[in-house]
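Asks: Here are the chains, one letter per residue:
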Amino acid sequence: MVTKMDKFTLQFTLSKSLIIKLQKFFDKNILSILILTLSLISVFAFLFYYENKLGLSYNDARSHLDMGRRVVENLKPGLAQLGSVWLPLPHILMIPTIWSDFMWHSGLSGAIQSMFSFVATGCLIYLFLKNLKIGLFERIFGVFIFVANINVLYLQSTAMTELLLLATMTAGVYFLARWVNDDNIFNLIKGALFVMSSTLIRYDGWFLFIFASLLVAFISIRKRGLREAEGNFIFYSTLAGFGIVMWLVWNLLIFKDPLYFAYGPYSAQSQQKMLEEAGELSTKGDFLMSAKAYFYSIFYNSYTFSAMLGFAGAVTFFLDKKIKFLVRVISFSLLAPLFFNIIALYLGHSVLFLPGIIGRTWFNIRYGALMLPSIAIFSAYLINKLGVLKWVFVGIFCLVIFFAFVNNDAATIEDAVYGESARNVSEVSTWLQNNAKDKEGLVLMSVASHDAIIFSSGLPMKKFIHEGTGAYWDYAIENPDRWATWIVTRTHDLNDAVFREVRDSDGFKKYELVDHYPFADIYQLKPEYRSEFLAKPVLGKQN
Amino acid sequence: MKWLSKNIGIIIFCIAILVLSVRGLSGNPDSTQLNTDKWTSEGPFELSPERGRFALTYSLVEDKSIYFSKEIARFTIPDLGYINGKYVSLFAPGVSFIVVPGYLLGKVYGVSQVGSFFVIIIFAVLNALIIQKLAKFFGAGNLTSTLSSLAFLFATPSFSYAVNLYQHHISTFLLLVSTFLLLTRRGFVKYLLIWFLFGLSLLVDYPNFFLFLPIIIYSLVEAIILRMRSSGLTVKVDLWKYFGILGIILPLVIFFWYNKSAYGSPLQLAGTVQNVREMDSKGNPVRSITPDDNEGDSIEESGNTQNAATFFKTRNLANGLYVHLLSPDRGIIYYAPVTLFGILGIVELTKKKKQTSLLISVIGVNLILYSMWGDPWGGWGFGSRYLVPSYAFTAPFVGLAISKFRKNTMFMIMITLTFFYSLSVNTLGAITTSSNPPEVEVEYLSSQSHKVEKYTYERNIDFLSSHGSKSYFYNEFLSDWLSPWQFYLVMVAILMSLVTTFILRMNSFRYGSEIEFVLKGGKEGKNLKVYLEIMDKLKTLPRGIKFW
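Residue numbers (my numbering), protein chains in the order written: chain A, 1 to 543; chain B, 1001 to 1548.
Simulated from the structure, these hints should not be mistaken for lab results.
Here a beta-carbon is modelled for each residue, glycine too, at the ideal position from N, C-alpha and C.
Among the clues, some could well be false.
From the structure, some residues in chain B lie toward chain A, with a derived Cβ separation under 7 Å [unchecked claim]: (1) 1048; (2) 1234; (3) 1238; (4) 1314; (5) 1360; (6) 1361.
Far from chain B, some chain A residues (derived; all Cβ distances over 10 Å) [to be verified]: (7) 85; (8) 230; (9) 259; (10) 342; (11) 343; (12) 404; (13) 417; (14) 460; (15) 474; (16) 491; (17) 539.
Okay, chain A solo, but in the shape it has when bound (with noise of 0.2 Å):
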């Protein structure tokens, strides 16, 4: 390297060998330079969260966890506290962690798979890029557009389940991509297997296997035949559905019914219809509705302006005739968080709130951030289409995320805060870490709808009786008095499952009311009949 100053003029040259060399490097290591990259800013967002005591401010986050938890400790533990509703992957996955009490009670038991998917989805928007023949800068602008996003930064420093899936879908799509590019059946194991991955986290990923599977179908007589095509079809998807069919099982060995996910008494559709009957389901039956509602959630996880060149880079990159057709075809499953969003709030299936456009308050608002990635890549692939212009839309999208940075711009912390999302049972758990800590006796409670109060107490899950401690429970709503010296209820209330059994027992008459918090109220049993319950678990391990 060559340098020269003159008349205020620096002038240097690089020479080719040196060119070569970083560029050899580059193609090395840049995957392993983003790892780094992308595990550092991950680990800096979730200790940031994490000291601004916003990691666990989701309900459903603290229900995550103490599912998990529920397998490895509680008064029934076991494999059957999977449950039935909630799909059965992500609490798997905590089973290493979950048992230590501090990665329990800081989230990073359920935050450190959101963290791994975070890293795994900014490489894999790379490698889907590079796989497309896109340059580098794009292929790292990509990258930028899903990392540069409080949304994503605070989600992946959350025990929630959307980085997870986010990873799968991802993964599964950029496999079978590959493997239309390249006809290596590996890549099409690998997509399945990503798919079916998918498919145990949300019920999203059914709808990509279902999605999926039909485009699959489609290469494969396009490639190869009618023939050919049933076999990779099946192949692909027995491979890919085998979650599904698991879950099926699950359903009907654990709980009578292999639909009792979809239409039990703690399914969405139960909670649905509740809404439907307060009038707050607007977007069922509508579709305009649901359209109009998912884009507004769209672009409040974006921040709007990556989303219009998403949208724009999406309507170009189908219609480039320069890509492989097949490969466009199975790109269109990147689409499918939207479709099958759209369909859900639809049907009834799903509810999303968003203060102006529907509702009062904010709920689901993270549902937005599934299509994240699918911006990333289509607008990634636009700024690569626009030669001189890229900078123009690079420069503008740095604007936009710096006001997002500098106004603090994330829905998803709004819901988990503020929204319907929130709980803050800090009143409850706060009486029960001082009431219920040192004493002995257990606590009566319903986890379907008090989930939250059970993490935020601090006390430990064999504490608690709830619906799946099996003959504990049976018992319980029998004779409380017997079982619990706590109950805590939501009084009045006949969907908190707790008050809907014990309300007509004489047991009940025994407690006395704490006090009224809010979302639960806390009985405890008079002194006189302390006697005469059991203050310890008692029954041993249970079938």
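Here the structure of chain A is known, so what remains is to put chain B in place on it, guided by the hints.
Replies: Chain B in isolation, oriented as in the chain A frame:
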């Protein structure tokens, strides 16, 4: 000078139209007179942005102070600031300072307000001329570049904001000059000037900081030249170009001095001080708005704890884009559809000239920034006033689109009709009023007034019928001869005639500089087409023989 003499006709024409349209009243109003309806709701100071800026000009000249007297403060409400016991402006001071010469000159002739507004006209005309030069730089011909200027000045809401007292034309001028310097000039002085203009733009309007970013970044990157040679990649950095940043020192000094004097801190911006919405009879600020003028014990606070960046929120983007582009109360599609033809010019030119990315950047930043703004409507107004810079930067591309597609009859018919529509709408806005409410306020307004309130240019049509025109020239000299509608129709006719003339002249020489003769053959013979490159020959004629 040669350029000036070549364009003197169009310059005079533009000034004439704008002078005919400028809003105002005769007189040198004092602070008491300014608070009457004659000068405010019924006069040229119908909206608070105009009042706020004129108030500072008046205070500087008449009271020799940057603080407002109680009367002037009352005139400025609701955009009135209050700090350290003094009333201050809530706007950046640049516009107020710049129009002082116009105020003084106007005062000599008994038209101080008109004189102030006239300064904006000068900037508007200068903008039109720079647009013409930019269009030529990008390859438009004489006629099409002039059409670009006319499209900007009269076929967009820039027309309305050229005849009152807003910051938009001054901001646009600074952006255009900087862009022009960047693209067409060389040397250290260019960079010095660009930074100077950048600093000046902050005095005019704070968001100009962001509008100038593409220009600043372009100038910084321009200093780096990469060349791939056989020996390797040569990187040359002209460090001397970066010394141009010294140009910002003087405007920044003025900026900090003003902020310190007015608000107590050099870094305190106008919009972040306490906002007074009402004053009592003694001239003290009050908290609540009550009929009996309570002398409250503290003033109403309005957004005074925000930092400046929080005025722009990404969550407003979707709605903001709708307002600026498609809404019936402000959308480009209703108020300036002729600018949309610029997209064709952009598409065509981007393939050839990378410098187009600079203009597109300014347009993009302008549109996105003000879509994130909490009030994309710009309060009550005519069309989208925040997009005046975008109209200016799109205009050269309109001319280029016309150059490119002028042989396409359908295109020419469409653009001509769109031009006519845009001229009609914007002339209406210029000679009537800018006080159109945003659609979101109409329901409340209607409930208060018990009538259907309009929010599009239909409101201007009604205004013309019921109140006439706010044009100073019309009210002073023409109202005895022409009805308001006649005045409007004459203005539109003049503008349309000029545009039609340009378009017809452009297409009368269908193949550029050639004249086509068709010699018809006999019954069985073919026609003979002869092209004479006569225009090229005409250009070589001695001077003094003019064919235009």
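Asks: Against each hint, give a clear statement of whether it holds in the structure.
Replies: Here's how the hints hold up against the structure:
1. 1048: 26 Å, violated
2. 1234: The hint holds - residue 1234 (chain B) has a Cβ within 7 Å of chain A, the shortest such distance being about 5 Å.
3. 1238: The hint holds - residue 1238 (chain B) has a Cβ within 7 Å of chain A, the shortest such distance being about 5 Å.
4. 1314: Result: holds, 4 Å to nearest chain A Cβ.
5. 1360: 5 Å, holds
6. 1361: Given a least distance of 5 Å, the restraint on residue 1361 (chain B) holds.
7. 85: 32 Å, holds
8. 230: Its Cβ never comes within 10 Å of chain B, the nearest being 45 Å, so this holds.
9. 259: 39 Å, holds
10. 342: Its Cβ never comes within 10 Å of chain B, the nearest being 17 Å, so this holds.
11. 343: 22 Å, holds
12. 404: 5 Å, violated
13. 417: Consistent with the label, residue 417 (chain A) stays out of reach of chain B, its closest Cβ about 16 Å off (over 10 Å).
14. 460: Holds: least Cβ distance 42 Å, greater than 10 Å.
15. 474: 50 Å, holds
16. 491: Residue 491 (chain A) clear of chain B: closest Cβ-Cβ about 39 Å, beyond 10 Å.
17. 539: 53 Å, holds
In terms of the numbered hints stated before, the structure departs from hints 1, 12, listed from lowest to highest.
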